[in-house]
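> Listed here are the chains, written in short residue letters.
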Amino acid sequence: MFAYAVRRILQFIPTILVITLIMFMLLNVLPGNAAMMAMDSRKAKDPEMIEQLKQRWGLDKPLYVRYLLYLKDLARGDLGRSFIRGDAVGGLVGARIWPTLKLAFTAMAIAVVLGIPLGFFSALKQGSWLDTGSMIGAVSGVSVPQFWLGLLLMYFFAVQFRLLPPSGYGDGDIAHLILPSVTLGVGYTALLARTTRAAVIEVLNTDYIRTARAKGLSELLINRKHVLRNTLILVMTTAGLQFGFLIGQTVIVEKLFSWPGLGSLLVDSIFMRDIPVTQGCVLVIISVFLLVNLAVDLMYAFVDPRIEYS
Amino acid sequence: MKNLIRKIKGRTNLMVGGIIAAIVVVMAVFAPFLAPYHPVNDADLMFSEEPPGETFWMGTDQQGRDILSRVIYGARISLAVGLICQVLNTSIGVILGLTAGFFGKWWDDLVMGLTNIMLSIPPLIFALAIMAILGPGLVNVFLALGLTNWSFSCRITRSQVLFTRGLDYVKAAKALGYGRIRIMFTQILPNIVGPILVVATLGVADAILLEAALSFLGLGTQPPTPSWGGMLSSAREQLFTAPWISIFPGLAIFITVLGLNLFGDGLRDILDPHTTRLGKA
Numbered sequence: 001m002f003a004y005a006v007r008r009i010l011q012f013i014p015t016i017l018v019i020t021l022i023m024f025m026l027l028n029v030l031p032g033n034a035a036m037m038a039m040d041s042r043k044a045k046d047p048e049m050i051e052q053l054k055q056r057w058g059l060d061k062p063l064y065v066r067y068l069l070y071l072k073d074l075a076r077g078d079l080g081r082s083f084i085r086g087d088a089v090g091g092l093v094g095a096r097i098w099p100t101l102k103l104a105f106t107a108m109a110i111a112v113v114l115g116i117p118l119g120f121f122s123a124l125k126q127g128s129w130l131d132t133g134s135m136i137g138a139v140s141g142v143s144v145p146q147f148w149l150g151l152l153l154m155y156f157f158a159v160q161f162r163l164l165p166p167s168g169y170g171d172g173d174i175a176h177l178i179l180p181s182v183t184l185g186v187g188y189t190a191l192l193a194r195t196t197r198a199a200v201i202e203v204l205n206t207d208y209i210r211t212a213r214a215k216g217l218s219e220l221l222i223n224r225k226h227v228l229r230n231t232l233i234l235v236m237t238t239a240g241l242q243f244g245f246l247i248g249q250t251v252i253v254e255k256l257f258s259w260p261g262l263g264s265l266l267v268d269s270i271f272m273r274d275i276p277v278t279q280g281c282v283l284v285i286i287s288v289f290l291l292v293n294l295a296v297d298l299m300y301a302f303v304d305p306r307i308e309y310s
Numbered sequence: 001m002k003n004l005i006r007k008i009k010g011r012t013n014l015m016v017g018g019i020i021a022a023i024v025v026v027m028a029v030f031a032p033f034l035a036p037y038h039p040v041n042d043a044d045l046m047f048s049e050e051p052p053g054e055t056f057w058m059g060t061d062q063q064g065r066d067i068l069s070r071v072i073y074g075a076r077i078s079l080a081v082g083l084i085c086q087v088l089n090t091s092i093g094v095i096l097g098l099t100a101g102f103f104g105k106w107w108d109d110l111v112m113g114l115t116n117i118m119l120s121i122p123p124l125i126f127a128l129a130i131m132a133i134l135g136p137g138l139v140n141v142f143l144a145l146g147l148t149n150w151s152f153s154c155r156i157t158r159s160q161v162l163f164t165r166g167l168d169y170v171k172a173a174k175a176l177g178y179g180r181i182r183i184m185f186t187q188i189l190p191n192i193v194g195p196i197l198v199v200a201t202l203g204v205a206d207a208i209l210l211e212a213a214l215s216f217l218g219l220g221t222q223p224p225t226p227s228w229g230g231m232l233s234s235a236r237e238q239l240f241t242a243p244w245i246s247i248f249p250g251l252a253i254f255i256t257v258l259g260l261n262l263f264g265d266g267l268r269d270i271l272d273p274h275t276t277r278l279g280k281a
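From first to last, the protein sequence lines are chains E and H. Taking the numbering used here, the leading residue of the first sequence gets 1, the next gets one more, and so forth. Taking the numbering used here, the leading residue of the second sequence gets 1, the next gets one more, and so forth.
This is chain H alone, in the form it adopts within the complex:
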């Protein structure tokens, strides 16, 4: 335990990333207490496009809503999207990867074939194709992104299973007469959680960026719900007159994703020193 704490303290990226992630979580959970105004209802055209100042720290948007409050509430959307989508992705990836690596044969060929095809479709393009059919909206974003990015989890799970499968404790479990499902979930899975967790953390960052991109394009979270990407989608028109509308929501996305990426990198340094980010697009 002491060893682990020392390891964590030695990792600047893990510490910085963890602090940033914690701040975002606090913002999301305590948004109603932290935000000085209501993100949607406190719109007042009298205060439209106010520059940042004492009353409105980050200024106001074209409808006179406080940008700081909207940024704070926006953390809820980003965090929800990141977590829900990545839970979906990880579940799909782990189940496919675990069974593919464990059962092998035609199932392995099928899963790996599908994984390689998914890897050859740019994630944003795939998500756009799904959104094209399902139509804009937050729930559809969960689905689109939850089905898009599982291939990394699948690949890492499978390669870890292939490595673990031949180890003595798995052989021992087999000799004890454990069933295959039991071996998979009680013997193999707990021992390969580290690398899966690393991929999942980086996946949360990817999902947040993708949601922001979809909302920016107008296909994700719909107004007036405050989402960071959505706040930027109409900001271009005000770029000449009110650049602060563009600056703060983008900064929020940037810092959050940066924090998660740093955290993921640090986690990998501790849990999984052999893999690099090679091949992780």
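Just chain E, same shape as in the assembly:
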């Protein structure tokens, strides 16, 4: 178990390295690359000034040197400096992490509490009105565009009934959190319900359930002890993988609700052509996603005794 955990954590490092490489190349090699954007953002026209700016940001060095320098800084926790404001990207990004995490985890909690039981009972009562209803709901949930759902919720709960604030972070209170997290959570709830239902149906068709029935165990006991446990293992892994879906969507929800998180910083930095900030946001978002997957994998190994660690 310990060896497995160490190996899984070590796998994390090359993955994140390749991702930094891909992102660095994307942002620095493609036409209209970071260097040119930096000039744009300062409205620099004078060739001498451009040279100066290039030197200041280290853009005059060859690409591989810049990548290695970037990695060196990264290893020390330095994400570079904003082209526009000159602030350290680390600080800018750091201030935004908590609001995003708060939003994502609240949405995930909503999804786990609603989606898993919904999928579970739908599968047990296949073809019932509960099953049909919740599966229609689930396919709608994965199809609905988040920003539209958010607009509708905003219209009903903030404009019409004036129950909740339409947007903003407030002072971090729950009232401001409800609409964004529900908007974000709906799609994930639907995904979890579908995944859980499929997993339960798979488990119900296994031999050990048939054996348990043949032994004369009560349905309640079978469902609780055999089905639920085995299903949760299946659901956990996909839930982790699908967390990326959720993290990706925070961008839209944050922008819609003027939520001061990583996603809105990312979009703003793209509009301001502030590549170091864009790069920092993307890296942090992906890292969060990878860390969650790592945690899920370790938990999975811990929960499922069948996994071989060697």
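Hint data in this document are derived by calculation from the structure and do not stem from the laboratory. Note that this is a predicted model, so its numbers are computed, not measured. What you were told as hints is all true, and nothing was included just to trick you.
To spell it out: a stretch of chain E is covered by chain H in this simulated footprint if at least three of its residues, at any positions, have a beta carbon under 8 angstroms from a beta carbon of chain H; those stretches are: (1) 14 to 22; (2) 132 to 144; (3) 154 to 163; (4) 241 to 254; (5) 283 to 294.
Pulled a few chain H residues facing chain E out of the computed Cβ check, cut under 10 angstroms: (6) Gly113; (7) Pro123; (8) Leu124; (9) Ala129; (10) Ala205; (11) Ala213; (12) Phe216; (13) Leu217; (14) Leu219; (15) Leu232; (16) Leu239; (17) Ser246; (18) Thr256.
Chain H is nowhere near these chain E residues, computed Cβ spacing over 10 angstroms in every case: (19) Ala3; (20) Tyr4; (21) Arg7; (22) Glu51; (23) Arg66; (24) Leu68; (25) Tyr70; (26) Ala75; (27) Arg76; (28) Asp78; (29) Leu101; (30) Lys102; (31) Phe121; (32) Leu204; (33) Arg224.
Every residue gets a Cβ at the ideal spot worked out from N, C-alpha and C, and that includes glycine.
Position chain H against the provided structure of chain E, taking the given hints into account.
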């Protein structure tokens, strides 16, 4: 053939999804005949923010343009994005998956490594990073989304190839002296089209949602081109005074994506009863 028709008729999701998809295609193709007004030029500030009524069934936007006409024309953008991006994604995914599964060895390791890394980047974030460099615009959306979502096609193709590779008819083709390329494209590919098609259908839905999201953020299709996501991007400011500006374009995205998802699910039930949507984010 009769069997197939019966199978299709038994699938409500396939039927409903297919009808919705057909309506969207008709809207896109015959937009100039269906739309009562021109989506861009018929702007009249005298009729700004008219609520839905007899003249304007879905109301008008802040510039007095008929929302119904813009929704009808918007089908063109969404459909084009969905199809073009998914053709790109499927081509990349199928070629990588086919060769990885068939040749194996270091190439397989490389492709699968890359696929797993792509799967660990949220699609919207990757698309945003590409848009950050290429700048806003429809053509760049094609590129960004066409390069983003190929990993699912790649994975399903590879796993199908691994399964098919050992079957007798492939061995027979080898014994007959067929070349490797010929075996890949004439023997293996036609037999694994089903699952690839399922992933592609669901991918079209994903691409439409992503384009709408990018346009909503202001990075996708640029005004005045009518795109469903773009129509919603400025709608928030009018939410208090003219909520219909928000309602109809969003409803169009929702119904289209729902239709494609239902169609994809139904297709899978028929073509590929063993796989579930597990792992498909």
